[in-house]
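Use these hints to put chain G onto chain V, whose structure you have.
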Amino acid sequence: MSPFKGGVHPPEEKALVRDRAIEDFPLGARYSVPVQQHLGAPARAIVKAGDAVRKGQALSEPQGYVSVPVHAPTSGTVKGVAKVVHPVTGLLSPGVIIEADGKDEWAEGLPLRRDPFAMDKGELLEAIRGAGIVGMGGATFPTHVKLNPPEGKTIGTLIINGVECEPYLSSDHRLMVEEPERVLKGIQVAMRVLGLDRAVLAIEANKPDAIRVMREKAPGEITVSPLSVKYPQGSEKQLIKALTGREVPSGGLPMDVGTVVQNCGTCAAIWDACSAGVPLIERITSVTGRGVRNPKNIRVRVGTLLRDVIDFCGGLDGAAKIIFGGPMMGIAQFTQDIPVMKGTSGILVLTEKDADIGGYSPCISCGRCVEACPMGLIPSTLSRLGERDLWQAARKSGLTDCMECGCCTYVCPARRPIVHFIRHLKALSRSAGSKQAKGA
Amino acid sequence: MKDVFVSSSPHIHSPEDIPWIMRQVVYALMPGALVGVYFFGLPALSVIAVSMISCVAVEALWQKGMRTKVQVGDWSAALTGLLLAMNLPAGCPWWMVAIGSAVAIVFGKQVYGGIGSNPFNPALVARVFLLISFPVAMTTWPRPRPFFEQAADAVTGATPLGALKTAIFEHHTITAAPRLDLMDPFLGNIGGSLGEISALAIILGGLYLIIRRIITWHTPVAFLGTVAVFTGILWKINPDLYAPPAFHLVTGGLMLGAFFMATDYVTTPISLKGKAVFGIGCGLITVIIRIWGGYPEGVAFSILIMNALVPLINRATQPRRFGAST
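Protein chains in written order, with numbering that gives the first Met the number 0: chain V, 0 to 439; chain G, 0 to 325.
This is chain V alone, in the form it adopts within the complex (with noise of 0.2 Å):
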């Protein structure tokens, strides 16, 4: 197996919530649904105040082919389409307000009975956008964008990712070990709408469980290959490089290299989505940290706001930092009042002695992060740039490669915000790009 270059060990902290059975999330009485939970060209909301909704009911249109829907995580009452906190962006962006009845009514004729291996491509490619289905593992690009590719991209191999590379999270992890047939069956349905005859599935070796279950349970043509434990080794290209030991071109996508990568979370909901009709309103996520009382996994609603999960997992305990997704790649939450996306892999609660809050003094040039950036970057020139404007040099200096997965940041011994200053550069770049445009 060749490795990938750079890369760090944190420590992995999944103990808290490894061996966890899901739970799941009891029925809310109020749900927010944002309308933007992919990457990609917006939504529009198709519901107003008052309206009467069905659990998997679609909320929203796409607008674009990059572009999907979100449907009602349970049955109520719309109580309008209100501008409420995107915990991704962390905007204000529109999201649908739905006030629950407590029945849990499914949508006419859902879920439904049907054979997905007796569909072809193009009636499982609709069915997986039509229940809305992202990229789960936190990136949310549009999953039947991602098994459609265009004209003249051969595929050769699909990469499922296993790995949950991230500290502290096991959603990925519980839902490989409890629920195997959901993610296999969904695994064999993506091969079908990709023509493959098979797939590789990637787990890090620090999951001997979902392993040994998966490979019990896969059939010959899906293969069961471990990863040495090393983040970011999920991410999508140093994943690919590790299992074919070929390099997505810089700019380029892991088609150029034949390869499809989905979530394994991903594929459990394409099955549900294909075999019946069940839309993406559910996920599993870690809840997780010392900062909350009682970490649990659960399955919990699209929609459902933080608070309430909070609450359910016992309320917080010397919390100071919140944050959906994990330590190294999550994003700091500045309220409670946000609801969990579908991308939500985790909700991690940190203390302050965790989350090692204080500030930061200059470059000592001591190379750590050179040697630990996995795209080949030098973290520390940027992040002088970055202190500088200096976006133009930066670009020069591989900006855009950078993935953010924050090894340079997690090894710097100055406690300097590397990732923050790139973002900052690739913020310039983008308006300067941007006014470039309108003035043309």
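Note that these hints are calculated values from the structure, not bench results. Check each hint, because a few of them may be wrong.
Label pairs and their calculated CB-CB ranges [what the hints assert, rightly or not]: (1) V:GLY257 x G:VAL228: 44 to 50 Å; (2) G:ASP2 x V:PRO25: 25 to 31 Å; (3) V:GLU180 x G:ILE210: 44 to 50 Å; (4) G:ARG319 x V:GLY63: 51 to 57 Å; (5) G:GLY112 x V:GLY357: 51 to 57 Å; (6) G:LEU179 x V:LYS352: 53 to 59 Å; (7) G:SER116 x V:ALA138: 37 to 43 Å; (8) G:VAL105 x V:ARG306: 52 to 58 Å; (9) G:VAL220 x V:GLY257: 38 to 44 Å.
For lysine-lysine, the following DSSO-like pairs were computed, each having C-alpha atoms within a straight-line distance of at most 30 Å [said to hold, decoys possible]: (10) V:LYS395 x G:LYS272; (11) G:LYS68 x V:LYS352; (12) G:LYS272 x V:LYS4; (13) V:LYS352 x V:LYS13.
Every residue, glycine too, gets a C-beta built ideally from N, C-alpha and C.
Coordinates of chain G only, in the frame set by chain V:
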């Protein structure tokens, strides 16, 4: 909800911060410093103490005077002080040590903007400053004596490299130099700067730094390897004129330079490839100065010269980017 912190990811950090790293280097210098105190007695201890205290004090005063945050808690000034002391003769008067410390901190570091911004190794800047300003005191080497046999009348003598240079100047052959049992410089029983005399002690400290992953092997191996190969070739050509590589490896400031000065983060290249290039350059210049230069020793000069080339080396040794077309 009580107040929570919001910041950009990642949200966790390795516990190895700057003060931790600096302390590790101080620990790694302890064997060499102890050997110095053993062979040169209390004067050596005094030089170490004056140098460290002066460096910390000057940095604190400078930062207070400049109304910037006093950051001597990062251990960087203390380390500079210790490194400077290691590079001085044990007989240096205290005021000379204090002047050297002030030069190291002010002209070696703070005028450039403080930690992280200095192009040259501050301790070496101070050492060279003192060598030029006080050439006699800086080349008066007390003879080593075991700690419990220290006498008030410090007898002085030449360093092995100095004796070699004299022999070549006066007799045009190294065979005129006094015979040297290489175990002496290996263990520290020779004249020299107080922290450089024992190759063994320095290597032990260096290995500690490598094991702790504070430094990588690239710089010391490239530096020492270049010196060994270069002097080895010369020795093969004419053993009457050139000393054997083993002699060059264990004498002078080579070990101290290779493990502790050429590995300084701020003033050396950032990538592993760059570190190797830096080490090779240091080795070449060291040998050129030792063999053909006016000074018997060239380690400090070689590192300072290579410090000046770091931006160029960094530019030429960028790591290969993931997905690059080559």
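Here's how the hints hold up against the structure:
A beta carbon spacing of about 46 Å between GLY257 (chain V) and VAL228 (chain G) agrees with the range 44 to 50 Å that was offered as a hint. A hinted range of 25 to 31 Å for the beta carbons of ASP2 (chain G) and PRO25 (chain V) is consistent with their spacing of about 29 Å. Taking 44 to 50 Å as the suggested C-beta distance range, the pair GLU180 (chain V) and ILE210 (chain G) conforms, at roughly 48 Å. Against the hinted window of 51 to 57 Å, the Cβ-Cβ separation of ARG319 (chain G) and GLY63 (chain V) comes to about 37 Å, which falls outside the hint.
Distance hint check: the CB atoms of GLY112 (chain G) and GLY357 (chain V) are about 21 Å apart, inconsistent with the given range 51 to 57 Å. In this structure the supplied range 53 to 59 Å holds for LEU179 (chain G) paired with LYS352 (chain V), their Cβ-Cβ distance being about 55 Å. Between SER116 (chain G) and ALA138 (chain V) the C-beta distance comes to about 38 Å, which sits within the given range of 37 to 43 Å. The supplied range of 52 to 58 Å is met by VAL105 (chain G) and ARG306 (chain V), whose beta-carbon atoms lie about 56 Å from each other.
Taken as a hint, the range 38 to 44 Å holds for the pair VAL220 (chain G) and GLY257 (chain V), whose Cβ atoms sit roughly 41 Å apart. A distance of roughly 21 Å separates the Cα atoms of LYS395 (chain V) and LYS272 (chain G); the hinted pair therefore holds under the 30 Å criterion. A hinted pair counts as satisfied when its Cα atoms are at most 30 Å apart, and LYS68 (chain G) with LYS352 (chain V) qualifies at roughly 24 Å. With a C-alpha separation of about 15 Å, the suggested pair LYS272 (chain G) and LYS4 (chain V) falls inside the 30 Å cut-off, and the hint holds.
Taking the CA atoms of LYS352 (chain V) and LYS13 (chain V), the gap is about 17 Å. The hint holds against a cut of 30 Å.
Comparing the model with each numbered hint stated earlier shows that hints 4, 5 do not hold.
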